[in-house]
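Enquirer: Sequence:
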Amino acid sequence: MGSELMINVTFKELRAAYMENGTLVEFFIERENEASILGNIYKGRVVRVVPGMDAAFVDIGLERAAFLQATDLVIDRSIFEDETFGSSIDGKERIEGVLEEGQEVMVQVSRESLGNKGIRVTSKISIPGRLLVLCPFSRHMGISRRIEAEKERSRLLDILKEISSKGLGLIARTACEGRSKEEIVQDFEFLLKIWRGIHEKYSKKSAPCVLYQDLGLVYRVVRDLHGQNLTRIVVDDEGLFHKIDAFLKEYLPEERISLELFEGEEPIFEAMGVEPEISKILERRIYLKSGGYIVIDYGEALTAIDVNTGRYLGKKDLEDTILRTNLEAAREIAYQIRLKNLGGIIIVDFIDMERKESKELVYQTLCEALRRDRIKTYVYPISELGLVQITRKRTRNDVVRSMTEQCTHCDGSGLRSSRYVECYKILRSIKYACRKERAREVDLYVSKDIAQVLFEEERSALEWLEKTYKKRINVIVRHDLGLREYRVEVRE
17 MGSELMINVT
27 FKELRAAYME
37 NGTLVEFFIE
47 RENEASILGN
57 IYKGRVVRVV
67 PGMDAAFVDI
77 GLERAAFLQA
87 TDLVIDRSIF
97 EDETFGSSID
107 GKERIEGVLE
117 EGQEVMVQVS
127 RESLGNKGIR
137 VTSKISIPGR
147 LLVLCPFSRH
157 MGISRRIEAE
167 KERSRLLDIL
177 KEISSKGLGL
187 IARTACEGRS
197 KEEIVQDFEF
207 LLKIWRGIHE
217 KYSKKSAPCV
227 LYQDLGLVYR
237 VVRDLHGQNL
247 TRIVVDDEGL
257 FHKIDAFLKE
267 YLPEERISLE
277 LFEGEEPIFE
287 AMGVEPEISK
297 ILERRIYLKS
307 GGYIVIDYGE
317 ALTAIDVNTG
327 RYLGKKDLED
337 TILRTNLEAA
347 REIAYQIRLK
357 NLGGIIIVDF
367 IDMERKESKE
377 LVYQTLCEAL
387 RRDRIKTYVY
397 PISELGLVQI
407 TRKRTRNDVV
417 RSMTEQCTHC
427 DGSGLRSSRY
437 VECYKILRSI
447 KYACRKERAR
457 EVDLYVSKDI
467 AQVLFEEERS
477 ALEWLEKTYK
487 KRINVIVRHD
497 LGLREYRVEV
507 RE
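Numbering (this note's numbering), first residue to last: 17 to 508.
Among the clues, some could well be false.
Said to hold, decoys possible - Each computed DSS-like pair below joins lysine-lysine, with the alpha-carbon atoms no more than 30 Å apart:
1. Lys-409 - Lys-296
2. Lys-140 - Lys-409
3. Lys-392 - Lys-167
4. Lys-296 - Lys-28
5. Lys-372 - Lys-392
6. Lys-140 - Lys-221
7. Lys-28 - Lys-409
8. Lys-464 - Lys-487
9. Lys-265 - Lys-209
10. Lys-140 - Lys-392
11. Lys-487 - Lys-441
12. Lys-486 - Lys-441
13. Lys-452 - Lys-486
14. Lys-209 - Lys-392
15. Lys-28 - Lys-265
16. Lys-447 - Lys-483
Claimed, not checked - Restraint-style ranges between C-beta atoms, simulated for each label pair:
17. Glu-400 - Thr-87: 28 to 34 Å
18. Ile-361 - Gln-468: 39 to 45 Å
19. Arg-494 - Cys-426: 17 to 23 Å
20. Pro-397 - His-495: 54 to 60 Å
21. His-495 - Pro-67: 54 to 60 Å
Because the hints were derived from the structure by calculation, they are not lab data.
Glycine residues also receive a C-beta, built at the ideal position from the N, C-alpha and C atoms.
Construct all of the structure, not just a fragment, from the sequences and the given hints.
Expert: So this is what it looks like as structure tokens:
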């Protein structure tokens, strides 16, 4: 069974679900006012060079300046004369010796704004096509790691070297496998035409300005996934249906991809059984079939995943129980990383294992499961503490962050002060109010939960305050107040 792409359009929101063998494996969401700029190429102007960070900030015409690290900077721009390659800073040359304020540079967005982190750009330009990726400032020739047959890798490498006679860097994508030289040359010429157009705009336009915009979400997903046995696309919007049809005919004419317009009475994701799976993406705790579970916590610096046995006790010894849980968890973790589009540093805390062979088996299982992921991922061996470090290229917000917003009650921590902490904070405020000489009565406005604690568990404290300060305290329930909201008013 091939893979399928289900697309739902609701006013200004577009959602796409990528299915493999009937299982949701990747989910994309984009709103009109949040369109991605990842992959866009700009002519920017350096506004600040920071030697201490070995970096610079570049104005690309957006609200905030973009961050350019020295290691992402190409310093040889001879490409604009003869289309030869450029070179990067090798670590010996400082950025202040290469860039200065006011200087114009060509950059590409390599990472969108994530949380408090701004946009990151690179001058190592790469332009993806359906079969190739053109890297005009590099002479590197690469083959997708998913193409494993040595004979095919060698054939493709020979073709790349032959067609890129001008020293331009090229990478053969997964979809390149088995393609004829003519098809590859055609894609190369298409990318070369785009690059020359970018070059022409760069020479004519003034900074800051956009030189190239990558494809929109749907077209980008189709382009990137068509090499992974994508056989069917179903969309519920007629306008988008015709646009995708035109895109397939022009951009992927040889591909046998079925395009269907969904016209059912039920919403497309409900009819296809996808909506319940999308809802589960936000779940913090994921239960395993064995009875164990994993917990995923998101932080600024990293994502932590904890593995627990839960109610699973096994039928043999403890080591066997732990191994089986860890093996199932390893496969589920790889699936969740891809589904949620987790990026950056990911730390997995597996249940401690005694035997070395058990640790190796879990590690290999995790690595094998992650091989299905098209995003570059590296897995470090299990440490003595049972921890596994994973790094996954992060370019845009993960799905959970795209679908959620920070809680105003806990500021995103997932925790809030208890009812008892809030009660004693209120009692201190009442005590201060009662000390005022002119006060005859004190009115306290609180939520129902706090009032219940005050009346049932802290009534003695209220009685003590009334007796000590000879003031009447009126507790008034307000349903519009939250747990941590209250108001104390003094009657004179």
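Enquirer: Give a verdict on every hint.
Expert: We went through each hint and held it up to the structure:
Distance check on the hinted pair: Lys-409 and Lys-296 sit about 23 Å apart at the alpha-carbon level, within 30 Å; holds. Restraint check for Lys-140 and Lys-409: satisfied, since their Cα atoms lie roughly 16 Å apart, inside the 30 Å limit. This hinted pair checks out: Lys-392 and Lys-167 have alpha carbons roughly 23 Å apart, not beyond 30 Å. Taken as a hint, the Lys-296 and Lys-28 pair is honoured in the structure, with Cα atoms around 23 Å apart against an allowance of 30 Å.
Straight-line distance between C-alpha atoms of Lys-372 and Lys-392 comes to about 27 Å, which keeps the hinted pair within the 30 Å bound. The hinted pair formed by Lys-140 and Lys-221 meets the criterion: a straight-line CA distance of about 20 Å does not exceed 30 Å. A hinted pair counts as satisfied when its Cα atoms are at most 30 Å apart, and Lys-28 with Lys-409 qualifies at roughly 28 Å. With a C-alpha separation of about 23 Å, the suggested pair Lys-464 and Lys-487 falls inside the 30 Å cut-off, and the hint holds.
Proximity of Lys-265 to Lys-209 is assessed by CA-CA distance (about 19 Å); at most 30 Å being required, the pair is judged to hold. For the hint pairing Lys-140 with Lys-392, the CA-to-CA distance comes to about 17 Å; that is within 30 Å, so the pair holds. A distance of roughly 19 Å separates the Cα atoms of Lys-487 and Lys-441; the hinted pair therefore holds under the 30 Å criterion. At most 30 Å may separate the alpha-carbon atoms for a hinted pair to count; Lys-486 and Lys-441 meet this at roughly 21 Å.
Between Lys-452 and Lys-486 the CA atoms are separated by roughly 11 Å; this keeps the pair inside 30 Å, and the hint holds. Between Lys-209 and Lys-392 the alpha-carbon distance is near 28 Å, which keeps this suggested pair within the 30 Å criterion. Straight-line distance between C-alpha atoms of Lys-28 and Lys-265 comes to about 26 Å, which keeps the hinted pair within the 30 Å bound. Between Lys-447 and Lys-483 the CA atoms are separated by roughly 12 Å; this keeps the pair inside 30 Å, and the hint holds.
Roughly 32 Å separates the CB atoms of Glu-400 and Thr-87, a value that falls within the hinted 28 to 34 Å. For Ile-361 and Gln-468, the hinted distance range of 39 to 45 Å is satisfied, since their beta carbons lie about 43 Å from each other. The given range of 17 to 23 Å is respected by Arg-494 and Cys-426, whose C-beta atoms sit roughly 21 Å from each other. Judged by the Cβ atoms, the range 54 to 60 Å given for Pro-397 and His-495 holds: they are separated by roughly 55 Å.
For the hinted restraint 54 to 60 Å between His-495 and Pro-67, the CB-CB distance of approximately 58 Å keeps it satisfied.
When the structure is compared with the earlier hints, no violation turns up for any of them.
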